[in-house]
Amino acid sequence: MRLRLRLRKALGLLSLLSVLITPLGAVAAADSDNTFETTLANGMRVVVREDHRAPTAVQMVWYHVGSIDERDGVTGVAHVTEHMMFKGTPSVGPGEFNRRVAAVGGRDNAFTSTDYTAYFQQVPAAQLQTVMALEADRMRHLTLNPDGYSKEIQVIMEERRMRTDDQSSARVHEAMNAVAWQAHPYRRPVIGWMSDLEQMTVADVRDWYRRWYVPNNATLVVVGDVNHQQVFTWARQTYGAIPARALPERKQYEEPVQTGQRQLEVKAPADLPLLAMGWKAPRLNDPAKDVDPYALEMLAQILDGHEAARLPTALVKEQQVAVSIDTSYDSTNRGPGMFLLQASPRPGHTVGELEQAIRAALAQVANKGVTEQELARARSQLRSSEVYKKDSVMGQAMEIGMLETLGYGWQASPLMLNKLNQVTVADVQRVAQSYFKDDQLTIARLVPQPLDDAELVARAKRAEAVQAGGRH
Amino acid sequence: MIGMNGKIGAGVMKRFLMTSAAMVAALVSAQAIAAPVQSWTTAQGTRVYFIETHALPIVDVQISFLAGSAFDPSNQVGLASMTASLLDQGAGDRNEKEVAEALADIGAQMTASAGMDSASVTLRTLSDPERRATAVGLMTDAVARPLFDGGVFKRDQARSIAALKEALTKPQVLSQRAYMAAIYPDHPYGRVVTPESVAAISRGDLEQFWRTHYSAARASIALVGDLTRAEAEALALQLTASLPMDQADVPRTLPKPAATTAKVVRVDHPASQAHLLVGMPSVARDDPEQIALQVGNYTLGGGGFVSLLTKAVREDRGYAYSVYSYFDPKLVAGPFTIGLETKRSQADDALKVVNSVLGDYLKRGPTATQLKAAQDNLAGGFALRIDSNSKLAANLGVMAFYGLPTDWLEKYPERIRALTPEAIRSAFQKHIKPEQLVTVRTAAD
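Protein sequence lines, in the order shown, are assigned to chains H and L. Take the first sequence: its letters are residues 1 to 472, numbered as in this note's numbering. Take the second sequence: its letters are residues 1 to 445, numbered as in this note's numbering.
One thing to keep in mind: the hints can contain errors.
As the list claims (entries may be wrong) - As a list, the in silico DMTMM-like pairs of lysine to aspartate or glutamate whose alpha-carbon atoms are at most 25 Å apart:
1) H:K267 with L:D445
2) L:K154 with H:E318
3) H:K151 with L:D445
Calculated from the structure, these hints are not laboratory results.
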């Protein structure tokens, strides 16, 4: 029921990797020693990692479908389907799913991104079989009743108002994606355009569910205090009973090469302007052979990976042209990537000055490169983060699910870490020279509007009236 | 907002340290959950809580002081927050850049921030002796030898004011401020930071606030991880040995909040959704009925998708994506709050539903079935609250600061199981009075 609009952005490759370096002084095992996989007869993938520190477990089911698979006119349907998955089956009534998970001491939720839709329950390990049976039931038997739908779509419109319409920075990102991507479905918001939500019907959801919610389009991930053979057995008994079905053809979208800088402005209530600069950047295609995505990941870390990294030092502390700066790049997606920098100017400085300062910082890397010390620092952070990540069973399940869903496979993890560690200062300089071209750039600016602007209030009321009139 | 420490959003790696990796093999059988809480008080009066667990080569440290925003001078609201945020921006022999680089070099993470009651510095580091020593040295410098550099102060004061002005355009921020000011009039919890109150702070004020509020006697420490008891004792002594001298005349308690009277506060805003808050000052951390309130709140609005408020407001009517209630126990009566967002024309209808659900619940309390459901989830799922070092560290930090008994975690499930519907109804009736409930309507038609 949660929407991970920016999961792609938030989860970088650096965080997706598992241990290659044995943690200092600790008795540690490679992933392969405690991670087990199988494929059910109906094609459903199963990955189990045993972690016996505490008597808890997490189950996640990842469907290989996200907003990237939607069509114009029904944007948001992947996310609406995720909400409707909690609305009951013939054997588990509306709201009953949550009640049963809660009754065994568990917590549950779900999220939708551009690339996938995932459901999870965190439970005492002894209750795993119960939630596996529940999750398998709604893979096949969702009721999708029109009454439940008519309430839930209202909830989702409130979610859109909360997450996007009333958040100035979210509106900038939504508009920016719509400009940066022209052919690729990443141009559409995961939550969907409001007018599409208004016109959607339960039939659209049913259609989506029938097409994509099949075992051969899903991966089960279990991490925790479990025995993998037992989990395999339960998986065969529950999910294994659901027949496979042919999947629809997935369209391949090729974003045309961008051949000129794009610019846009968004006006919204705010006090500080916001500047967002996004360059088209590569997706990690071949974890063994690619170099540039890894070099760009390390560059992002050198630019903004800690308080004394290049961008906060130059822009916030020394030149003091920015109040804050944020860098993101994620090479692990189903679609193309973007290297995004965003910042707010400090009062007394213009967005133009801020843009020049950012360009100068990037040009410095392109012209003079980075130091061995900066790269060593990034590797050291990478190494400790690999150890810290083992503290969370949920985090481990997230990593496995994402690597599986995005097509790399959970075993790619040590390879990716190794490749990141092999990035050289020359690699970093080369990607800084090749990817930050104006022709590949989209610039978005938030133009702050005062709160007492009567027009803004009137617009909010008008929007609501239009929505009320347009509802079916 | 104020207290913004460094960057608003850091790099990829920082954001996702909780993600995953390989697991320590079955060779290691240590169960974090089974380890008992050890505690002691240092000669200088610092309370220390410790859980020893060697399952992962990690050490988590939190030191908290009675130095939260409730201790701000009334004309310098924001002082506690700025003081905390500057602790790790230059300390001992290192300037701010050198502190950040030293942390990054060993892959350690340190944060410093102030809440309402406490100001805390947290550290996560690998446990090998070399890295741990460097990391703990950096943390010791932050609390005991902060530089409060003039240039850093001026810069962050300006950034704080800019970020605050931006925050003051957000409906959720305006709503929350109006709410706290309305339920805590004339009380430190109700003071709100303003650009003017931040501008009234000088560098010397930070140093003075640190000198008077960061003594060992005002401190508590929580330690979790790959340490022996002897190492933990030495670590606690190192952290507290060079803190400022305690000053007996600096208050360690807060005044009791006055009773509120029911009223409605309206805040204009051009948002598409109204932000609604209903509540009052309610329960202190040391109140014996706190647990009855927490368990009762699971049924009312705390239990996520299965609460009465979610059923009535979200499931039955589609009024809101998020509706919740919570108790936030503090040194003195902390707030009980119900909150939701709904399209602006629906504010009245949504408030009617909320008030009706709350009114019924206050009258009748939970049914036996509802209480059992709450107990099954909270006691049955207790392991989920303590199944990682970071969750243990967060719990231990609260326990140490408020001086909760060391068996508080261990006894939690049985105390939940011992509750009756009558005990919960009576606790609710004592701590929530309809005639004292304040309602804040922001961006509502």
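Now for the hints, and whether the structure bears them out:
The suggested pairing of K267 (chain H) with D445 (chain L) holds, with an alpha-carbon distance near 23 Å, which does not exceed 25 Å. A hinted pair counts as satisfied when its Cα atoms are at most 25 Å apart, and K154 (chain L) with E318 (chain H) qualifies at roughly 13 Å. Using a Cα cut-off of 25 Å, the hinted pair K151 (chain H) and D445 (chain L) holds, with the two alpha carbons roughly 22 Å apart.
No hint from the list above goes unmet by this structure.
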